[in-house]
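Colleague: Sequence:
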Amino acid sequence: MNDERAEARGKVLVRLRRVEGQVRGVQRMLEEERECEQVLTQLMAVRSSIDQIGLLLMEAHIQDCLLKDVESDATRLQALRETLQMWARFGLLPGASSPLEEH
675 MNDERAEARG KVLVRLRRVE GQVRGVQRML EEERECEQVL TQLMAVRSSI DQIGLLLMEA
735 HIQDCLLKDV ESDATRLQAL RETLQMWARF GLLPGASSPL EEH
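Heads up: the sequence shown begins at 675 in the working numbering, then just goes up one per residue.
Derived DEER-like restraints, expressed as beta-carbon distance ranges:
{"id": "1", "residue 1": "R698", "residue 2": "A734", "range": "24 to 32 Å"}
{"id": "2", "residue 1": "R698", "residue 2": "I736", "range": "27 to 35 Å"}
{"id": "3", "residue 1": "D738", "residue 2": "R708", "range": "37 to 45 Å"}
Think about it this way: if two alpha-carbon atoms lie no more than 20 Å apart in a straight line, the pair counts; the simulated EDC-like pairs of lysine to aspartate or glutamate are:
{"id": "4", "residue 1": "K685", "residue 2": "E733"}
{"id": "5", "residue 1": "K685", "residue 2": "D725"}
{"id": "6", "residue 1": "K742", "residue 2": "E678"}
{"id": "7", "residue 1": "K742", "residue 2": "D677"}
{"id": "8", "residue 1": "K742", "residue 2": "E681"}
{"id": "9", "residue 1": "K685", "residue 2": "D738"}
Simulated from the structure, these hints should not be mistaken for lab results. For each residue, glycine too, the CB sits at the ideal point set by N, CA and C.
Please take these sequences and the hints and turn them into a complete structure.
Modeller: So, in structure tokens, the structure goes:
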């Protein structure tokens, strides 16, 4: 495993440990019967963290697997990263219907 890939993997593991702590926090909040809004806010933070981890993994997959033997320049890779970030920010929520689906 090269240094760049090992560093990316380390970042993902750190983020996963942080999410694990956030989920434990949500469990404690429920046990303490905290306000629903507080619990929901924390759940949204967990979800956002998971989405960011997914982006990191998707970017690594694209770069290490899909584009492994394809020559590409830094500008195109940066454009791809920005597109992924835009999709994560504005993409559909899980369970939401696509505008392309027939009703």
